[in-house]
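Trainee: These protein sequence lines map, in sequence, to chains A and B. If you read the first sequence in our numbering, its first letter stands for residue 820, the second for the next number, and so on. If you read the second sequence in our numbering, its first letter stands for residue 820, the second for the next number, and so on.
It is worth saying that the hints were derived from the structure and are not from the lab.
Identical copies carry no separate label here, and so any pair may be met within one copy or between two of them.
Here are the simulated EDC-like pairs of lysine to aspartate or glutamate, each with C-alpha atoms no more than 20 Å apart in a straight line: (1) Lys883 <-> Glu933; (2) Lys863 <-> Glu918; (3) Lys863 <-> Glu917; (4) Lys905 <-> Glu917; (5) Lys883 <-> Glu917; (6) Lys851 <-> Glu933; (7) Lys863 <-> Glu933; (8) Lys905 <-> Glu918; (9) Lys883 <-> Glu918; (10) Lys863 <-> Asp906.
Protein chains: 2
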Amino acid sequence: MTEKKPKRKVNKKDKQTKEPAPPRVAEEPQVKETVVFVGQKPVKNYVIACLTHFSSGSKRIVVKARGRAICRAVDSVELLRRVFLKDVRLQGISIRTEELAREDGRKANVSTIEIILAK
Amino acid sequence: MTEKKPKRKVNKKDKQTKEPAPPRVAEEPQVKETVVFVGQKPVKNYVIACLTHFSSGSKRIVVKARGRAICRAVDSVELLRRVFLKDVRLQGISIRTEELAREDGRKANVSTIEIILAK
Numbered sequence: 820m821t822e823k824k825p826k827r828k829v830n831k832k833d834k835q836t837k838e839p840a841p842p843r844v845a846e847e848p849q850v851k852e853t854v855v856f857v858g859q860k861p862v863k864n865y866v867i868a869c870l871t872h873f874s875s876g877s878k879r880i881v882v883k884a885r886g887r888a889i890c891r892a893v894d895s896v897e898l899l900r901r902v903f904l905k906d907v908r909l910q911g912i913s914i915r916t917e918e919l920a921r922e923d924g925r926k927a928n929v930s931t932i933e934i935i936l937a938k
Numbered sequence: 820m821t822e823k824k825p826k827r828k829v830n831k832k833d834k835q836t837k838e839p840a841p842p843r844v845a846e847e848p849q850v851k852e853t854v855v856f857v858g859q860k861p862v863k864n865y866v867i868a869c870l871t872h873f874s875s876g877s878k879r880i881v882v883k884a885r886g887r888a889i890c891r892a893v894d895s896v897e898l899l900r901r902v903f904l905k906d907v908r909l910q911g912i913s914i915r916t917e918e919l920a921r922e923d924g925r926k927a928n929v930s931t932i933e934i935i936l937a938k
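With the sequences and hints as input, model every part of the structure.
Mentor: In structure tokens, the structure reads:
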């Protein structure tokens with residue numbers, strides 16, 4: 820499977836200015852960002868969630884997961900990029916540790932992942 | 820215990836060519852890089868593997884995993900950074916899809932992760 824890099828479209832609004840478009844989108848005050856939490860449901864559910872958000876205007880989606888759902892988050896993103904939205908860019912991945920309080924009062928550390936997708 | 824990838828040796832045949840080694844660190848001919856493959860063993864095994872490699876002179880460790888071991892790779896890296904080596908930097912994380920041939924001839928796609936650690 821080949822992952823295509825998104826073709827950078829020429830922004831029509833920028834035609835008036837002579838300079839090339841600045842790094843980010845300047846005319847938009849805020850980028851519409853959505854968070855998709857990945858849990859224990861089947862991978863396709865999260866793929867559909869991402870597709871829905873992108874088609875309803877989101878420019879950035881942050882896919883978050885923790886613990887064992889991390890693999891599922893990676894699977895969802897890869898399936899999305901490979902099959903459904905080949906022009907989606909991976910903007911960044913970060914991993915972290917969260918401290919959770921268990922029911923018996925003890926603390927548990929759980930790893931988390933955040934994958935940022937942009938269209 | 821730990822599965823090591825063969826360290827990429829400098830190919831002796833290349834010595835004849837005059838060109839300097841590309842981008843990498845200039846004063847050091849090669850950065851000592853090691854690969855740790857994360858599989859189904861307990862997290863602490865992989866943490867120990869990383870510790871051992873760093874203490875034996877590795878400057879970069881690439882932690883690789885695929886499928887369900889991805890969570891374990893993230894756990895290992897987080898445990899290492901949180902408890903054992905607080906000065907380790909996360910240089911990058913990448914996710915990809917690999918195509919595997921199953922025994923019955925069909926193909927399966929499996930997600931992979933690579934986490935690059937540097938000291």
